[in-house]
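S.K.: Residue numbers (this note's numbering), protein chains in the order written: chain X, 1 to 340; chain L, 341 to 598.
Read the hints as simulated data drawn from the structure, not as lab findings.
If you're wondering where the values come from, they're calculated on a predicted model, not measured in any experiment.
One or more hints might be untrue.
As the list claims (entries may be wrong) - Some chain X residues flagged as far from chain L (calculated, every beta-carbon gap over 10 Å):
(1) V214
(2) I289
(3) G291
To be verified - Simulated coverage check for chain L against chain X, where a stretch passes if three residues somewhere in it have a Cβ under 8 Å from a Cβ of chain X:
(4) 431–444
(5) 452–464
The beta-carbon is built from N, C-alpha and C at its ideal position, and this holds for glycine as well.
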Amino acid sequence: MNSKLQNLIVPLALLFAAVALPLLVPTYYVQLASKMLLMGMLAMALNLVVGFGGLVSLCHAAFFGLAGYVLALTSPESQAASIWLSLPITMAVCGLAAAIIGALSLRTKGIYFIMVTLAFGEMLFYLFHDTKIGGGSDGMYIYFKPDVLLGSTQLIDLDKPRTFYFVALGCVLLTVWLLRTLVNAPFGHALAAARDNERRSVSLGFPVFMVRLVAFVISGVLAGVAGYFSAAQFGFVAPQLLGWHLSATVLVMVVLGGMRSVTGPLIGAMVIIGLEEVLKSSTEHWKLIYGLIVIFIVFALPGGVQQLSSLIFGRKVDAPTPGTEVWKGARSMQPEAANV
Amino acid sequence: MSEIAAKGIALRAEGLEKRFGGLKAVSNVSLDVHAGEIHAVIGPNGAGKSTLINLLSGDLPVTSGTITLGGKVITTMGASRRGLAGVGRSYQKTTIFQTSTVFENVRLSAQARSGHALWMFGNVRNDATVNQRADNALAQTGLTARAQTRANLLSHGEQRQLEIAMVLATDPQLILLDEPLAGMGQSEAKRMIDLIKGLKVRRAVLLVEHDMDAVFALADRLTVMADGQVIASGAPDYVRAHPTVRSAYLGHDHGEAA
Numbered sequence: 001m002n003s004k005l006q007n008l009i010v011p012l013a014l015l016f017a018a019v020a021l022p023l024l025v026p027t028y029y030v031q032l033a034s035k036m037l038l039m040g041m042l043a044m045a046l047n048l049v050v051g052f053g054g055l056v057s058l059c060h061a062a063f064f065g066l067a068g069y070v071l072a073l074t075s076p077e078s079q080a081a082s083i084w085l086s087l088p089i090t091m092a093v094c095g096l097a098a099a100i101i102g103a104l105s106l107r108t109k110g111i112y113f114i115m116v117t118l119a120f121g122e123m124l125f126y127l128f129h130d131t132k133i134g135g136g137s138d139g140m141y142i143y144f145k146p147d148v149l150l151g152s153t154q155l156i157d158l159d160k161p162r163t164f165y166f167v168a169l170g171c172v173l174l175t176v177w178l179l180r181t182l183v184n185a186p187f188g189h190a191l192a193a194a195r196d197n198e199r200r201s202v203s204l205g206f207p208v209f210m211v212r213l214v215a216f217v218i219s220g221v222l223a224g225v226a227g228y229f230s231a232a233q234f235g236f237v238a239p240q241l242l243g244w245h246l247s248a249t250v251l252v253m254v255v256l257g258g259m260r261s262v263t264g265p266l267i268g269a270m271v272i273i274g275l276e277e278v279l280k281s282s283t284e285h286w287k288l289i290y291g292l293i294v295i296f297i298v299f300a301l302p303g304g305v306q307q308l309s310s311l312i313f314g315r316k317v318d319a320p321t322p323g324t325e326v327w328k329g330a331r332s333m334q335p336e337a338a339n340v
Numbered sequence: 341m342s343e344i345a346a347k348g349i350a351l352r353a354e355g356l357e358k359r360f361g362g363l364k365a366v367s368n369v370s371l372d373v374h375a376g377e378i379h380a381v382i383g384p385n386g387a388g389k390s391t392l393i394n395l396l397s398g399d400l401p402v403t404s405g406t407i408t409l410g411g412k413v414i415t416t417m418g419a420s421r422r423g424l425a426g427v428g429r430s431y432q433k434t435t436i437f438q439t440s441t442v443f444e445n446v447r448l449s450a451q452a453r454s455g456h457a458l459w460m461f462g463n464v465r466n467d468a469t470v471n472q473r474a475d476n477a478l479a480q481t482g483l484t485a486r487a488q489t490r491a492n493l494l495s496h497g498e499q500r501q502l503e504i505a506m507v508l509a510t511d512p513q514l515i516l517l518d519e520p521l522a523g524m525g526q527s528e529a530k531r532m533i534d535l536i537k538g539l540k541v542r543r544a545v546l547l548v549e550h551d552m553d554a555v556f557a558l559a560d561r562l563t564v565m566a567d568g569q570v571i572a573s574g575a576p577d578y579v580r581a582h583p584t585v586r587s588a589y590l591g592h593d594h595g596e597a598a
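Excised from the complex, chain X in its bound form:
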């Protein structure tokens, strides 16, 4: 009972802080916080396949950027797109793209999977970079944020930064809930089992390919939703949003935040974006210091920033899912002889 209460205190305090934040800080920081939340959502989405599925994907920025382009292309010239139409279309397009890319790339394993996803991501990048579909390398503007209308009444005004922030927060909370549910469900355990021991999972009768494909599609759709709102926030999409550079940055967020938990990558995203923000304004050579700090964090906290909370509070924040305690590489290094 008592420990249950303790388990709730930290998340509730964080939630309270998240709700209170926009009322306390200037608009600029509210927008920065929204950006962090949406990147965090992208990182959490990626972690479903990377951390829980053991599949390192380098094409998740493509789903993120593709979503932005879908919003830009479904927005009428001189008025706002309706969220009820453009968001489902975006999710469908991203889901379809993830299903196709996943079905083809999941036939490969390990380093080849990374290379194939990278190749697909770059294909989408060049699709928008080298053709006139989305304004070529110049990108496209989204002049109006999507309308959230019920009949003719506006339910939510996304133009207001504080309102937008709460929408982003809602998306993040839904993502956390969904991913927590998935990893604790039979599906999540089957996904982790396939990561920990593919051969045994197959022989036990798990449809490993299908489980991974479904995880890849869910992850792609969530990345798309994050991309949709990001594009709406900035009012602009460019091919760079689909590029491998962003994919790799999100991967760093995942690794830095902690792959063993649902919320770790969210923290990773906040650390990375926060670092960039602080360093950019204080020094010209910020990338050098940024790199050193990232290296330091990886050395000091091999389990991710998420580990800090267990160091401080002396417990784990997320219930560990089966086999997630040790990352694959570390596991295979355990001496077999020690078991005899």
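Assemble the complex: chain X is given as a structure, and chain L must be docked to it using the hints.
M.R.: Below, chain L alone, put in the same frame as chain X:
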């Protein structure tokens, strides 16, 4: 088809062949595994025993031949569909979920059998049927007390027991055991032999093993392989006395002595 089931044949393999490029690892192998029996496959190293198990489990596709499980042809099924159809296997080299608990290992096996791989809602801990099947498998293999231990902290013998428990949790009709006694000490081996003896109740067991004492203690039927082919098959006493077996497997000097 029903003729096969009526005779109590759980698994029938006919004319199995497996080629790796020019090498014939398994050639024209036919055998029946009966329900309620342990069928041991023996033979010198490189005889094709492990390849045969991999062909039967679906880990390797056959080059030619037919495999029938309980009257149903399963030749073209992959390993995962055969697992669901009732083929359970253990591995020569321990193949478990090392960083999960013993219970989670067995629970995953039970879950796989229930076909719940894509259930996205509801916590796994609340699936009573799956948990029950996992508990039963642990009880049968004597691992109940170790349920909450992480699998990589078990002794080698216990890990081998866990291999069997995972197979049992999938509730198979046919169990394929690939050298279950490998690397075991004498007392561990004895416990494992008792465990395997109990597996054949209501099931068919195909056993590949090098320990001849164990094989003759366990087997109801024996098939001897050499160079990818079956050289003799039948009751243990018949096989033991078979001249070809004695020269091929036990060495020619034994053959002369017979």
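S.K.: For every hint, state whether the structure bears it out.
M.R.: Status of the hints after comparison with the structure:
1. V214: violated, 6 Å
2. I289: holds, 36 Å
3. G291: It holds; G291 of chain X is separated from chain L by about 31 Å at its closest Cβ, greater than 10 Å.
4. 431–444: n = 9 at 8 Å, threshold three: holds.
5. 452–464: holds (count 12)
Hint violations for this structure: number 1 only, all remaining hints satisfied.
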